[in-house]
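Undergrad: Chains as they are written, first to last, in this note's numbering: chain A, 1 to 77; chain B, 78 to 426.
The hints are simulated quantities; they were obtained by calculation from the structure and are not laboratory data. Glycine included, every Cβ here is placed at the ideal spot set by N, Cα and C. Be aware that one or more of the hints could be misleading.
According to the in silico footprint, chain B covers these stretches of chain A (three or more CB under 8 Å from chain B) [as the list claims (entries may be wrong)]: (1) 6-17; (2) 47-54; (3) 61-68.
Residue-level listing of the chains:
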Amino acid sequence: MVKEIERAGIPVVHIATVIPISKTVGANRIIPAVAIPHPLGDPNLAKAKQKAMRRIMVEKSINALETPVDSQTVFEG
Amino acid sequence: MGKYKIVHYLNQFFGQIGGEEKANIPPEVKEGPVGPGNAFNNALGEEAEIVKTIICGDSYFNENTEEVQNKVKEILQDVNPDLLIAGPAFNAGRYGVACGGVAEVANDLDIPVVSGIYPENPGYDMYKQYAYFVETSDSAAGMRNALPDIVQLIKKYIEKDGDLGLPKEEGYLPRGIRKNIFAEKQGSKRAVEMLIAKINGEEFETEYPMPDFDRVDPVDPLEDVSNARIALVTSGGIVPKGNPDHIESSSASKYGKYSIEDIYEMTSESHETAHGGYDPVYANEDPNCVLPVDVLKDMEEEGKIGKLHEYYYSTVGNGTSVANAKAYAQEIAQELLEDGVQAVILTST
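So here's chain A without its partners, still in its complex pose (with noise of 0.2 Å):
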């Protein structure tokens, strides 16, 4: 899906646990998620402090799609 949007001309950041799979089906910018069944949130953490960790990785997210990449590319840390 990541690649058919991008390939219409749309840039698209993908959010996902599995970094092999997201490489394998194609996305540019990869953002490392939590965990599979919550890729935004942490249960062991409270409601307020999960909302603060998913601004965070939104925050990270929207850094990718204003940075220039030429391959596939990780966003770490």
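Using the hints, position chain B against chain A.
TA: Below, chain B without anything else, positioned relative to chain A:
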């Protein structure tokens, strides 16, 4: 050689531990065969037997790949089997990747691996060189055929003492490995024969299929995110409560388009997941952890992004065929372009 000693790798489901709620269990070892292993043992008869079974949760494997691979390595070094059976995994993505990851470890230890997989499973392309993958159907309903196919390949492997022939002849999927063989005709003659067959519109078979590099070059980044319209798309199956379009929990035949214009965060009352391939507890309790609507609405309000597109798109990426996913995404992309969307955040589970 005596009876072949086999170790079998299974996920939590086939290992009879549980469903998605047990997908996060770490690897464990059981004596003898478990679940489909019993049928393998019966069919293998006197030639081979499963002596141990390794069971690991699919999510646990994919979230802790290195750790599980190290553990599997220890187990294999300890048991020192003659062969490993992984799966079969059908079109279960995490399971396919796990079977491939286990095959990689076994391959390093010179232990041959036989597995079964649906060719679109990402685990096949990622790990094809490490195992003899028998082609299976896309769902576990294909176990009836997968089982004898795998057993047949193992028997051939034992009979030929590991010297298997070409994938097509022996019944496994291509591994992308080239082997030197003696041909009766020289290369130029074979090439000309192929060409003549092609000109005559007859069937011919290439000796070296060109790799399928379907890559899309990265699109230029956003220039002004504070004025950009950004859309959310997910394969994690987040739908309005009640799943109004009845998107299937696996092998989805459709996608949904849902308004989030007046929604500032997703709640357990407003939304849920239709996805049958992961433990739904967390997504149902807080759908924002799959589709971060709450955070993006805040950022829109603060002027950090121009606009969160009023609609999000959702399907279930669980055993969904590549052809279908491709078609959905093409339609979605067309609509997004028409609506002036400049970037997409796509979340996957």
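Undergrad: Run every hint past the structure and note whether it holds.
TA: To see whether the hints hold, each was checked on the structure:
Counting residues of the region 6-17 of chain A whose beta-carbon sits less than 8 Å from any beta-carbon of chain B gives 12, enough to reach three: the coverage restraint holds. For the region 47-54 of chain A, the assignment as covered by chain B holds, since 4 residues bring a beta-carbon within under 8 Å of that chain's beta-carbons and 3 suffice. For the region 61-68 of chain A, the proposed coverage by chain B is satisfied: 6 residues have a C-beta within less than 8 Å of a C-beta in that chain, meeting the threshold of three.
Hint compliance for this structure: every hint is met.
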